[in-house]
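As given, the protein sequences belong to chains D and L, one line each in that order. Taking this note's numbering, I'd label the letters of the first sequence as residues 796 to 1313. Taking this note's numbering, I'd label the letters of the second sequence as residues -3 to 484.
The set of hints was computed from the structure by calculation and includes no laboratory data. Keep in mind that the hints are not guaranteed to be accurate.
[To be verified] Quick partial rundown of chain D residues pointing at chain L, CB under 10 Å, derived from the structure:
#1 Tyr836
#2 Asn959
#3 Asn963
#4 Asn985
#5 Ala1144
[Claimed, not checked] Facing chain D, from chain L, some residues (calculated, C-beta under 8 Å):
#6 Arg52
#7 Pro275
#8 Asp277
#9 Asp290
#10 Arg305
#11 Ser311
#12 Met320
#13 Asp361
#14 Ser475
Ideal Cβ positions, reconstructed from N, Cα and C, are used throughout, including at glycine.
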Amino acid sequence: MGKGSFRWAVSAVALVLLGIQSPSGASEFNLWDKPVSLMGYVDQGVTANISREKSFDNKDGVNSAVFTSLLEGEYKPAANLKAFMSGKFTADWIYPIMSNNNNSEWEGKGFNQSREELFIDTGWDKMLNEAFVTYSPGNFFLRVGKQIVGWGETDGFRLMDQINPVDNRRGLGDVEFENSIIPIWLVRANYYVQPQSGWLQDIGLETVFNPNVRFQGDRPIDVGNDVSGIWAPDVQVAPGVQLGSSRYASNAPQDWSRAGMEFGARVKGVINDMIFSLNYFNGLSNSGQLRSLSGPDITLAPDGTPIAHLHVEESFPRYQMVGATFTSDFPSVNSSALGGVAPVLRLEAEYLMNSTLSTEGGVVGLPFGSYVKHDEIRYVVGLDWKVKADFLNPKAFFFISGQFFHRHIMDFQKDMAPAEISAGMDLKDFLVNVKENNYMTTLLINTTYFHNKLTPQLFWMRDITFNGDLFKPQLTYDYSDKWHYTIGALLINGKNGQKGFVGLENKDQIFATVKYRF
Amino acid sequence: MRRTQRFCRSILGILFLLAVLKPVTTTFAAEYPNPRTYIPTLIEIEKHKAHFDDPRPYLTTFGPKQVLPKEFYSKLAFDVDAMKSLWAEIVGFKAPDVVGKIAPGVKPGKYTYMDLAKNPGLKKLMWPDLYNRIKPGGPPHAGNIPEFEIIRTRQLYWALPIAEATKKNLGKTKLDAKGYLKPETWEGGVPFPKPTGPFRAQELMYNIEKKTFEWERNFYLISHFAGMNSSLNIDFDGVYDVKSLMLSGRTLLEPYGWFDERAKERKEFNTYLTAFHAPRDAFGTNQQALFFNDPKTSDQLMMYLPSMRRVRKMSSTDSQDPVMGQDQIYDDNDGFLQKLSPDRYPYKYEVLEEREYLVPAATVDGAEYISSKGKEFRNVRMERRPLYVVKLTQQDPNYVYGHRIFYIDAETFLFLHIENYNQKGKLYRTWDGNYGWIPEMGMLSWSGALILLRDHIDLHSGAQQPYSLPAALGRSDVSMKSLTSQGK
């Protein structure tokens, strides 16, 4: 990021800020006598590490200062035609702040080296967030362009939702879910009918085609302080030797190549007021699978810590699944004492064909030395329920949402030697470890006080398989529809070697965010 | 990859077939103009009437007569004398003939808040909450009325087809032994135009449930909603539109009776789709609701959430939680949307009073406006109206409200003021609204009305002046497709 680019970015932010000084908030105006809506937001967050454990992968005090601004506009030249475009600017001001202060811990652990990756998101494909045209005459719906397609019924667990990759580089703090989805170039065509039937109320065929204009996989939290900054997991390959950034040999498909094209279709409808869908997706895994190519390079961090850099091949194997979703409320299951709200059940299940996984390694040979293919079954059961607890909140309800996730690897032991089976080896998707059966639960509870202005919320994710927990309590104050303030904490613990949440357990932090919508 | 291509081709083939085949399964009222051809945008509406400080009588220059296609307008306009005569016959009176008995010294003319002391009759003529609003604007609530004009009482009536259906179905709509509607007995029109007997209060509430306003709920509405804190600073600046389709008891727009076979088979009452355009976090959110005639059948609610790009099933039983940024719960939607049920949060129903009140008059020209300073309601006209005062006392101590009081116009059966009290008997929320009145159509709507929501415990207010037009919508306008295509 050169100085010229930096000035340009700051100017862009200033323009956005100047543009939002209108007291009337979101602006609407006519272009060629048709309406244009302009809106967006500016968020500034800050995090500080509060871990008692001091380690190579964390730093005392302020850790990040992520700024995100988004300007979006919709133009409707006709009643059934609209164009939408949004531009996003994301920066983490911690890099210039630490650089100006010559922070020795920051530089000693090599966090400053992740500046290239995390300071400012540059490049037109990152700054042009979404850009699509929607044409929807009658029961037909066509959307072409850079967009997000959300399939599925569950929150956080992405089973049907395989189309867009996610960007988790900036961690698990106060990063909005909407901000973590990466829009990609897609053609989406749907056709709906409203049947004259007593049992079938609505049905539509929804299709999506990814022409692979530019291949983009997930952008996960990667290993190495030099690329992931303060979010790099704490992984020691040997006592005192940290795992650093990998030397990737990427097998990602070339832009426009047929190997990267993807297709999905689903039938979604309403049967007896229950929403169902049948899904099919044939594409590439957004999550890269890794295989070791050779022994690691060893470098020294500025503070003298030895860092191992693995040479790995990254592939995005075919991801082919069939799945189904179901959602319904159950009006007969309610209690007036609890507010009389019926729970809503959400189910999502998929069968993956020939899912490609990296292996943890054999008794002999390089770790992560090969791929194996297994069919998989994954499902999530979720239940949303609003309940009233007058002694805690006499004016508003508590929203409780629980989810249970199960991932089962079929024929788990088929590629293993007897010695590996007896040694209890796991398949291993690099840092996210995989057993034959993998279980995870989530729980979200929130309510509101003072005319919906104050929202306390608790999120808890439990990794049953590897005995880890992630807690995220937060408090949001919505001063108005424009100004929002959030404070919260992220608390992570893991208890199973270097698996599950263990790599992130030194990332406990508090965060605060100011958000302005216009 | 080859398999994928084959699959792609198959799907595209199916799509093509679906696109070229006429969707015989889809009903659309093709004989009426497509609402998309005449519905204005918010920008166009606000050219005729700004959100604040605009006294222009915009309904005289931008009302249904000017905006609707001429042929459609003429289908919805009827002989005024015939409507007046028939409705007087149905309800048994004309409003001008039954008012003027309380405080007869209060005459038509212009008044200010300073005249209250000089005219004690005004206090007798207004319900207490309205009387307390007659003052200059100022915290903690919006909607004060510093000056107003009393106009002569008008006869209000419903459109000729509605009146004819009401007359035709007179006595057909039945209540059960507990006073709850037998849903299959209502076929259209006002179910109980002469409420009487031991279940008079319930009959009045069913007149509200089956209210025929907004072209029998076949309408398009767009509104700019302002939420205000106790300092009267705007803390919620929302824009939404509503597409509403009546599915049963249709008398005004074809098809008459049931909208289609599905509505008949499932006893569907009506459906609407609300699209939120502002504030930014709500932009692209759509909500579709489907209501049933039978109170035992749970209503259905789906929502398109733009942040997740998904249609989500919601529980329609989630009806007591405060609506974000507004001063109401879901059950307060449209003023009152709660299902009358003997099992789920049942009420005791009473008529407290039947007498005349001085109320904000239904507007013909839309000259009323909201001032930016003090958030006052200005250009308010008042009119003596015959009213019922109905009290609903909640029998379940777990419901958010302990009782509700409705001030219901005896000629139109629309409520003008609702007081909602919490379980401790403290005034919690109030709803106030005059209506838009289109004499040649015999129609009351939200168009041009000043609607006021007040939260008396959290000291918050909401005010809006919607704009609405009749719309002959089809199923696809209020379906999963619309949820998706109108969404972000």
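A quick look at each hint next to the structure:
Among the interface hints, the one on Tyr836/D holds; its C-beta lies about 6 Å from the nearest C-beta in chain L, closer than the 10 Å criterion. The interface hint given for Asn959/D is met, as the beta carbon of that residue sits about 9 Å from the closest beta carbon of chain L, less than 10 Å. Because the smallest distance between the Cβ of Asn963/D and any Cβ of chain L comes to about 17 Å, over 10 Å, the interface hint for this residue is violated. At a threshold of 10 Å, the smallest CB-CB gap from Asn985/D to chain L is about 7 Å, leaving the interface hint in force.
Using the Cβ-Cβ criterion of 10 Å, the hint placing Ala1144/D at the interface with chain L is not satisfied: the shortest such distance is roughly 17 Å. A least Cβ separation of about 19 Å between Arg52/L and chain D goes past the 8 Å threshold, and the interface hint is therefore violated. Interface hint at Pro275/L: satisfied, since its Cβ lies 4 Å from the closest Cβ of chain D, which is below the 8 Å cut-off. Interface hint status for Asp277/L: upheld, as the beta-carbon distance to the closest one in chain D is roughly 6 Å, under 8 Å.
Violation of the interface hint for Asp290/L is found here, the shortest Cβ-Cβ separation to chain D being roughly 13 Å, above the 8 Å cut-off. Taking 8 Å as the C-beta cut-off, the interface hint given for Arg305/L holds, the closest approach to chain D being about 3 Å. For Ser311/L, the suggested interface contact is upheld, since its CB lies about 4 Å from the closest CB of chain D, less than 8 Å. At a threshold of 8 Å, the smallest CB-CB gap from Met320/L to chain D is about 5 Å, leaving the interface hint in force.
Taking 8 Å as the C-beta cut-off, the interface hint given for Asp361/L is violated, the closest approach to chain D being about 25 Å. Given hint, Ser475/L at the interface with chain D, holds; its Cβ is 5 Å from that chain's nearest Cβ, closer than 8 Å.
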